[in-house]
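Novice: Residues per chain are reported as follows:
4 protein chains.
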Amino acid sequence: MKLKISASLNYRLPEPVDLMLQIEAANGHGQHVLESSLDFGAPDYMARVPAAEGLCEPIWLHHVAGTLHAEYRALVEVDRDAVDVRQLAAVPLHRLPAAAVPYLNESRYCPSNKFHAFVERRFRDHEGGAKIARMRDWIESRFTYVAGTSNVETGALDSFVERRGVCRDYAHVMIALARAAHIPARMASVYALGVDPQDFHAVAEVYLDGDWHMVDATGMTSPAETARICVGRDAADVAFLTAYREIAFVSQKVKVKRDD
Amino acid sequence: MKLKISASLNYRLPEPVDLMLQIEAANGHGQHVLESSLDFGAPDYMARVPAAEGLCEPIWLHHVAGTLHAEYRALVEVDRDAVDVRQLAAVPLHRLPAAAVPYLNESRYCPSNKFHAFVERRFRDHEGGAKIARMRDWIESRFTYVAGTSNVETGALDSFVERRGVCRDYAHVMIALARAAHIPARMASVYALGVDPQDFHAVAEVYLDGDWHMVDATGMTSPAETARICVGRDAADVAFLTAYREIAFVSQKVKVKRDD
Amino acid sequence: MKLKISASLNYRLPEPVDLMLQIEAANGHGQHVLESSLDFGAPDYMARVPAAEGLCEPIWLHHVAGTLHAEYRALVEVDRDAVDVRQLAAVPLHRLPAAAVPYLNESRYCPSNKFHAFVERRFRDHEGGAKIARMRDWIESRFTYVAGTSNVETGALDSFVERRGVCRDYAHVMIALARAAHIPARMASVYALGVDPQDFHAVAEVYLDGDWHMVDATGMTSPAETARICVGRDAADVAFLTAYREIAFVSQKVKVKRDD
Amino acid sequence: MKLKISASLNYRLPEPVDLMLQIEAANGHGQHVLESSLDFGAPDYMARVPAAEGLCEPIWLHHVAGTLHAEYRALVEVDRDAVDVRQLAAVPLHRLPAAAVPYLNESRYCPSNKFHAFVERRFRDHEGGAKIARMRDWIESRFTYVAGTSNVETGALDSFVERRGVCRDYAHVMIALARAAHIPARMASVYALGVDPQDFHAVAEVYLDGDWHMVDATGMTSPAETARICVGRDAADVAFLTAYREIAFVSQKVKVKRDD
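Chains as they are written, first to last, in this note's numbering: chain A, 1 to 260; chain B, 1 to 260; chain C, 1 to 260; chain D, 1 to 260.
No lab work stands behind these hints: they were computed from the structure. Incorrect hints may appear among the rest.
Said to hold, decoys possible - Cβ pair distances, simulated, as ranges:
hint: 1; chain 1: C; residue 1: N151; chain 2: B; residue 2: R142; range: 21 to 31 angstroms
hint: 2; chain 1: A; residue 1: K257; chain 2: C; residue 2: R124; range: 37 to 47 angstroms
hint: 3; chain 1: C; residue 1: G28; chain 2: D; residue 2: A99; range: 17 to 27 angstroms
hint: 4; chain 1: B; residue 1: R12; chain 2: C; residue 2: S36; range: 40 to 50 angstroms
hint: 5; chain 1: C; residue 1: R124; chain 2: A; residue 2: R134; range: 40 to 50 angstroms
hint: 6; chain 1: D; residue 1: A99; chain 2: A; residue 2: H69; range: 52 to 62 angstroms
hint: 7; chain 1: A; residue 1: R48; chain 2: B; residue 2: E15; range: 33 to 43 angstroms
hint: 8; chain 1: A; residue 1: D39; chain 2: B; residue 2: E246; range: 53 to 63 angstroms
hint: 9; chain 1: B; residue 1: E15; chain 2: C; residue 2: S141; range: 21 to 31 angstroms
hint: 10; chain 1: B; residue 1: H29; chain 2: C; residue 2: R134; range: 56 to 66 angstroms
hint: 11; chain 1: C; residue 1: N10; chain 2: B; residue 2: R142; range: 40 to 50 angstroms
hint: 12; chain 1: C; residue 1: A147; chain 2: B; residue 2: D84; range: 47 to 57 angstroms
Glycine included, C-beta positions come from ideal geometry on N, C-alpha and C.
Assemble the whole structure, with the sequences as input and the hints as a guide.
Specialist: Set out below in structure tokens:
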């Protein structure tokens, strides 16, 4: 399946600022970037940082002034099997690769240890992928997708109690529950079909059966129609735009279409 | 300088449990493990996981029952220059290696973005290592080292307000302030001379001038007399003992001596 | 029913300190103090403050040094009907007395607004006292009473997620859920039969049908066997002992018996 | 001094809702309402609740549908002495009236106990009103008044670290510091000259020398030009508009002028 992706960012920069962008679809792990372009006009300085795990190359714009106008376009072939997560076995803790271990730990927005008792009681009848599927369904059926109710402070604890949020909040709760069951979990920022209204999207990824698998508790997207941008512990790691001073939002537009 | 290290852990395990230990001094980066031994009696299953960045090899004890009795002994040569942190230059953001970038982000115990205004106002007159030194001195002169006032929930925000804590709290505040100044910072668990009473210790590490440098805001230790165990975003990553079920503390003893 | 109550507090006071005690059973509202004595040895200065709502008279010990040794004994007749909370109607918001209104608001340990969506979804099929009874049962069946897992920082949000705690945590969750359903709720510190191990106890009180009614989500006590000490927004208001400097716990003993 | 006050609130109510308004200037304690009018069009049901301490009469609008359009106008004589807070003595804890005692306790947005060490160290050289004045100046000189950076979750802990906020945040920090010094402190919602842009305003009140005294750490207003609406533990108690379902902001306007 091919996804035709475009993202346009417009911000006003009251003073010169360093910016970090993570908006390019990654190459590898079930997806291939066939074509792509990234246009900034002419920033003073741009640097591309080769990333750990080959999943994302953050782009720095150094000391940019006036405006940021970024246009990203890509054609990405997604070749990801439609795995039934319920069939996947958990990896015993002592067999986890070292790179997966940190994703068992608590992170900025996912203080997962607090969820142990709830997870043990509510999901004890299933293991591995079946447990993950139950968690996903539990969240999807109980939460309401509402824009504007969460903010940069909102973590999995808040969202679990408030029973609402946007994609990042759903993913944070999913990650917290998975880690509380001792299954490594992380956040992926993605472009995906099915996101309504279209925007940058975030999903959880869980480590089962020797690999990472996307789980979207909002129910809006499927892995076969999703292109990964980058991954991290939670939203603190995968922001599409990080500004090292105050900047002002002007407009932003994301489009993801099937390219037949 | 050689450090003679011993650590003894005794826990009661009411039910079979998976344990992860991070108690071995790391090899490399200014330290060499000359001799070491680790004795558990005979656990059902032990696995050693080769770690990212070669800094720490977590050890898993799988399905251990009854008691944990671990004895670690090592002789470590520390060959770390006594760098004056004040002389070190900050690395421009767009020149940071990808592996250092995540250490700019907020983490479980270090929600650093909240500290921007304070850092900008209080430490604006200095840059790079000089700024770090001022932060370290600011913490050391204002905080009181008190055992028992912080717990597993206590983060940099609490400690900053409460002005007290133990080594991990000092390190969390140091890390939060450094990141708020856009200097990558992480936590290292260590064995060190000068810790009173002797115990596992934690210090901050900041990325300056192309390398990581230890900073101990408690003022108790110096890098030249410190052996690193492992590093991570904050205390969530570097626990010396992680149990995947309830366990009961019996006793614990750490000794670090100069070996002449 | 008569309750024979005794409470003994022993603390060490490293430096002179002001103390506030709230340990005397209140008079009125379904209970009558038949006999009581309170013995401190000879503190420098003791003041009794007539309290709002006639429910509790805080006692100040001014500038006490050395040790606190307090002995309280009382015989209290409890004459509280065994009301079936399920039969009680909610009071419409605009008919609430002014004194009950603040107990709709969020408080230190009960940030109740976050629970709106959960309460609306989970308990929508019942109103007034029937809703309260469902909440109480929901908590009792899902939470585990565990000493030592909560502390002075633990609020209803934490306890709701962690599904465990002691009496104050149960009461905080009960209060948060009630307020989220727009039913005024507060905390009462009490002496009660059934508390195991015997200690100071705390329960929720909800405003239904024109009066306050005790609800104990731990299921350990019943209103007919409970003597109220004082009431407040949450645990921040009803501590049995408040010290305005560091003091050290030595021993404490509470006994409540039926006096036939 | 006479203040001419007007407040206009316009909200859209997607479904029938109960509303509580606290927007009328109080009578007494240094201010006299000479004239006032409050116009809602014709709500289904309005109830006025006589309030505790005679300071505020909350108004309930029961089951209002469609829109809320409220117009409040008043002429208030303020006859409050320009007290120099630095001259006021603290009241010894055991001499505090019972009604002031709860304002020593932690509240929703003011977890004051955490500030003990900071307050003891930073303000130890002054007592009573002189200490309060130092706290006020400390906040005013270090904080930046910025709209839009705080929200309904923001408490004194956040604001203390972030060093910025709006009037309620300044007041919360002021209250937290005062309580940490064992001086009762509360929040007053007010109409005041000097608020720029004009809006509902909030200030701290501290209990010194036998009475409550306004302290505005933003430095924008003075007690002699301020009309109190109501008081409470913190912002959780003094909201000008509380809606018991979702409502939508349309417009709002507050005007306060000197009437010569």
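Novice: If a hint holds in the structure, say so; if it doesn't, say that too.
Specialist: Hint check results:
no., hint, verdict
1, C:N151 <-> B:R142: 21 to 31 angstroms, "holds (24 angstroms)"
2, A:K257 <-> C:R124: 37 to 47 angstroms, "holds (40 angstroms)"
3, C:G28 <-> D:A99: 17 to 27 angstroms, "holds (19 angstroms)"
4, B:R12 <-> C:S36: 40 to 50 angstroms, "holds (44 angstroms)"
5, C:R124 <-> A:R134: 40 to 50 angstroms, "violated (24 angstroms)"
6, D:A99 <-> A:H69: 52 to 62 angstroms, "holds (60 angstroms)"
7, A:R48 <-> B:E15: 33 to 43 angstroms, "violated (50 angstroms)"
8, A:D39 <-> B:E246: 53 to 63 angstroms, "holds (56 angstroms)"
9, B:E15 <-> C:S141: 21 to 31 angstroms, "holds (23 angstroms)"
10, B:H29 <-> C:R134: 56 to 66 angstroms, "holds (58 angstroms)"
11, C:N10 <-> B:R142: 40 to 50 angstroms, "violated (35 angstroms)"
12, C:A147 <-> B:D84: 47 to 57 angstroms, "holds (50 angstroms)"
Hint violations for this structure: numbers 5, 7, 11, all remaining hints satisfied.
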